[in-house]
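Chain residues, written in single-letter form:
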Amino acid sequence: MVVYALLVSLFFTLLWRRERKAQIKLFLQLFLGMVGGGLLVAYLMYPFPPGPPAPIP
Amino acid sequence: MADPADADSETTSDKTSETTPPAPVRPPVGNPYLAAVLAWVIPGLGHVYVKRWRRGLAFLVLIVAAIWIGCLLHGNLYRPLPRQPLSLLATIGAMGMGAPYFLLRSVFGYAGDIASPGFEYGTAFLLTGGLMNLLLVLDAWDIARGKKD
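Heads up: the protein sequence lines correspond to chains V and E, in order.
Offset between the first sequence (1-based) and our numbering: plus 183.
Offset between the second sequence (1-based) and our numbering: plus 1.
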């Protein structure tokens with residue numbers, strides 16, 4: 184998840200921003216948002232039991 | 002008698018036109034069609050064509066890294082499946098990576114492994130690599146037309 188967030192954050196930072204300061208700001212927003220959001224959703228899902236495993240065809 | 006609402010709207014539009022700077026006009030850098038095709042075939046090549054060398058190289062590294070990690074995790078490289086229309090959309094997304102998709106499928110015979118523990122993560126990496134490259138196609142197109150720096 185962290186590697187995925189790193190790749191995607193870097194990609195959109197380079198795509199959307201040109202100035203160094205704005206790049207760093209956007210990178211941190213995206214990266215921390217994805218990692219923090221992922222952990223938050225995982226924490227919220229914690230009380231729910233997992234379903235049965237999917238059958239492997 | 003003038004309607005106050007009209008006066009307000011005029012004032013607002015005047016302010017907007019005063020505060021919004023006109024978009025800078027840039028000369029076209031190259032053929033946008035060629036830039037888009039190059040960007041699709043090899044990730045980052047479209048940016049190299051429009052003389053954004055460093056950015057193109059960075060995009061190449063990022064997208065190849067996403068594809069490589071996806072393959073290491075044995076993710077699914079989508080292809081159209083009968084009676085599964087959504088697989089067509091996913092295939093278009095994955096094909097966005099350009100030449101690597103066809104190389105992986107035809108030359109290396111890559112298909113992914115659903116029994117692998119990293120299958121879902123790998124699929125996300127592969128699909129993201131394709132979708133990111135589709136965005137690069139649009140970006141290279143805009144740069145070539147002079148609409149973007």
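Since the hints were made in silico from the structure, they are not lab data.
C-beta: ideal position from N, C-alpha, C; glycine also.
Certain hints may be false.
Stated by the list, open to error - Below, simulated SDA-like cross-link-like pairs (lysine to any residue); rule was C-alpha separation at most 20 Å, straight line: (1) 148/E - 49/E; (2) 148/E - 28/E; (3) 204/V - 55/E; (4) 149/E - 186/V; (5) 148/E - 138/E; (6) 208/V - 59/E; (7) 204/V - 191/V; (8) 149/E - 196/V; (9) 208/V - 190/V; (10) 149/E - 28/E; (11) 149/E - 209/V; (12) 149/E - 37/E; (13) 149/E - 139/E; (14) 149/E - 238/V; (15) 148/E - 190/V; (16) 208/V - 228/V; (17) 149/E - 217/V; (18) 204/V - 150/E; (19) 148/E - 38/E; (20) 149/E - 203/V; (21) 148/E - 222/V; (22) 52/E - 202/V; (23) 52/E - 198/V; (24) 208/V - 224/V; (25) 204/V - 59/E; (26) 52/E - 196/V; (27) 52/E - 148/E; (28) 148/E - 201/V; (29) 52/E - 199/V; (30) 148/E - 199/V; (31) 52/E - 208/V.
To be verified - Ranges between beta-carbon positions, derived for each pair: (32) 207/V - 88/E: 19 to 29 Å; (33) 148/E - 234/V: 46 to 56 Å; (34) 32/E - 211/V: 28 to 38 Å; (35) 201/V - 62/E: 29 to 39 Å; (36) 150/E - 236/V: 41 to 51 Å; (37) 235/V - 150/E: 18 to 28 Å.
Just to be careful, I want the Cα atoms of residue 149/E and residue 37/E compared with a cutoff of 20 Å; is the pair within it?
It holds: about 14 Å lies between the C-alpha atoms, which stays within 20 Å.
20 Å Cα cutoff - pair residue 148/E, residue 138/E | Holds. Residue 148/E to residue 138/E sits at ~14 Å (cutoff 20 Å).
Review point. Does the alpha-carbon distance linking residue 52/E and residue 208/V stay inside the 20 Å limit?
Key: violated, 26 Å
I want to verify a distance hint. Is the separation of the beta carbons of residue 150/E and residue 236/V within 41 to 51 Å? holds, 50 Å
(Q) Would the hint linking residue 148/E and residue 28/E be met if the CA-CA limit is 20 Å? (A) holds, 9 Å
Going straight from one Cα to the other, do residue 149/E and residue 139/E come out at no more than 20 Å?
Holds, at roughly 11 Å.
**Request:** Given the hint that residue 52/E pairs with residue 199/V, test it: the Cα-Cα distance must not exceed 20 Å.
**Result:** holds, 17 Å
Exercise for review: Mind checking the alpha carbons of residue 149/E and residue 217/V for me, to see if they're no more than 20 Å apart?
Suggested key: Cα-Cα ~27 Å, so violated.
task: Decide if the proposed pair is consistent with the structure: residue 204/V and residue 150/E, CA atoms, cutoff 20 Å inclusive.
output: Satisfied, since the Cα-Cα distance of roughly 17 Å is no more than 20 Å.
Q) Would the pair residue 208/V and residue 190/V pass a check requiring their Cα atoms to be no farther apart than 20 Å? A) holds, 16 Å
Going straight from one Cα to the other, do residue 208/V and residue 224/V come out at no more than 20 Å?
Between residue 208/V and residue 224/V the Cα gap is close to 23 Å, so the pair fails against 20 Å, i.e. violated.
Checklist entry - If you draw a straight line from the CA of residue 148/E to the CA of residue 190/V, is it 20 Å or shorter? => result violated, 26 Å
The earlier numbered hints that this structure contradicts are 4, 14, 15, 16, 17, 21, 24, 31, 32, 35 and 37.
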